[in-house]
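For this one, chain A is given, so just place chain B on it according to the hints.
This is what each chain is made of:
2 protein chains.
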Amino acid sequence: MDNRLTRQTEFIIEIDKLKTVLRRAYLTDASRRENSAEHSWHVAIMALILAEYCQTDIDVSHVIKMLLIHDIVEIDAGDIGIYDKVASLDKAEREKLGANRIFNLLPQDQSQALLNMWAELEDGTTPEAKFARALDRLIPLLHNYCTQGKRWKEDGITYEQVLAVNQIIREGSQELWEFTLSVINECVAEGYLPKN
Amino acid sequence: MDNRLTRQTEFIIEIDKLKTVLRRAYLTDASRRENSAEHSWHVAIMALILAEYCQTDIDVSHVIKMLLIHDIVEIDAGDIGIYDKVASLDKAEREKLGANRIFNLLPQDQSQALLNMWAELEDGTTPEAKFARALDRLIPLLHNYCTQGKRWKEDGITYEQVLAVNQIIREGSQELWEFTLSVINECVAEGYLPKN
Numbered sequence: 001m002d003n004r005l006t007r008q009t010e011f012i013i014e015i016d017k018l019k020t021v022l023r024r025a026y027l028t029d030a031s032r033r034e035n036s037a038e039h040s041w042h043v044a045i046m047a048l049i050l051a052e053y054c055q056t057d058i059d060v061s062h063v064i065k066m067l068l069i070h071d072i073v074e075i076d077a078g079d080i081g082i083y084d085k086v087a088s089l090d091k092a093e094r095e096k097l098g099a100n101r102i103f104n105l106l107p108q109d110q111s112q113a114l115l116n117m118w119a120e121l122e123d124g125t126t127p128e129a130k131f132a133r134a135l136d137r138l139i140p141l142l143h144n145y146c147t148q149g150k151r152w153k154e155d156g157i158t159y160e161q162v163l164a165v166n167q168i169i170r171e172g173s174q175e176l177w178e179f180t181l182s183v184i185n186e187c188v189a190e191g192y193l194p195k196n
Numbered sequence: 001m002d003n004r005l006t007r008q009t010e011f012i013i014e015i016d017k018l019k020t021v022l023r024r025a026y027l028t029d030a031s032r033r034e035n036s037a038e039h040s041w042h043v044a045i046m047a048l049i050l051a052e053y054c055q056t057d058i059d060v061s062h063v064i065k066m067l068l069i070h071d072i073v074e075i076d077a078g079d080i081g082i083y084d085k086v087a088s089l090d091k092a093e094r095e096k097l098g099a100n101r102i103f104n105l106l107p108q109d110q111s112q113a114l115l116n117m118w119a120e121l122e123d124g125t126t127p128e129a130k131f132a133r134a135l136d137r138l139i140p141l142l143h144n145y146c147t148q149g150k151r152w153k154e155d156g157i158t159y160e161q162v163l164a165v166n167q168i169i170r171e172g173s174q175e176l177w178e179f180t181l182s183v184i185n186e187c188v189a190e191g192y193l194p195k196n
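From first to last, the protein sequence lines are chains A and B.
Counting in the working numbering, the first sequence runs without a single skipped number right up to 196 at its last residue.
Counting in the working numbering, the second sequence runs without a single skipped number right up to 196 at its last residue.
No lab work stands behind these hints: they were computed from the structure.
This list has only true hints and no planted wrong ones.
Any copy will do: because identical chains look the same in the list, a pair fits if it lies in one copy or spans two.
Keeping only pairs whose Cα atoms sit at most 25 angstroms apart, straight-line, the calculated DMTMM-like set for lysine to aspartate or glutamate is:
1) 195 to 84
2) 153 to 14
3) 150 to 10
4) 17 to 190
5) 153 to 16
6) 91 to 160
7) 17 to 186
8) 17 to 29
9) 153 to 10
10) 96 to 84
The following block holds chain A by itself, in its conformation from the complex (with noise of 0.2 angstroms):
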């Protein structure tokens, strides 16, 4: 076998460790935790399905190739929840280090193209990385709000909290933050998620 399709192949078979990647997130019927590889599966076909809520013309098929990779430095770094303050201080460096040694096991050129591409979700400046950044934070609203907020109430979350770490959402797209705000005002009126 040849030197390049054996570094493929032992990429391939190092990332199917991100399936062991616990999320803080419930599926939506709460039974278990929700797995990172999973995860980006779901996020990558949401990215399918909602690309037309996208202010500016996007490359979609760009969107979902970030989304599908974009949680693998996790293997490393571990999944960090969005409310963890504490373990969110080294989180970057953390992940930085996971994309270097797990994308390096690619041949060069792939290895590259694939930091380049988690790096720019990282970065969060084109429309793209924006747009994606949104589903991102989106879904694990849908979660709580499929699971009655199951997770906000296991971790003392408020409504407070829920809509700054969502503004986000507004600068991949106008339409999904309106509907963000739908969701989480309808979670409130339901006692999902405590409003101070």
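Leaving out everything else, chain B in the frame of chain A:
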């Protein structure tokens, strides 16, 4: 919320169920069986990494999209193992019913687009579909390799069966077929797979 976004959201929530559909394959660390959502993520990334081995010039983004949505029908039809000839008898019919129900949750233009993509992969005649099907066969082989043939041993699968079932890889990529043969032969040599 407008009706279009309502339908899209219902679809996005519905497909969360794919995370609870178990496949025959074990994770590469053998800790548990894999589900169809995380499998879809894995095989979509394989398309991104291995596209260069397709003989013809293909639209990689289209392969990725087909692979992302290809197993959604299993929410209704269940996952059917590639060696299970009895369950495979009415597989096509059950999956077609599943595709119609689930994709039709979406607005009509999108449901048609996804039904077309799903049917293209099932038909397996376009270069993109052939390549996608090759990857979908290759990955369980790697899972068996990594787990010393755990699933094969449990199901009493032989070298001859593995060779027959994986012939389809040849249609997607000659290089990946040669790689497949080398992996199968190594599995036999290591005692992971009995040869009659």
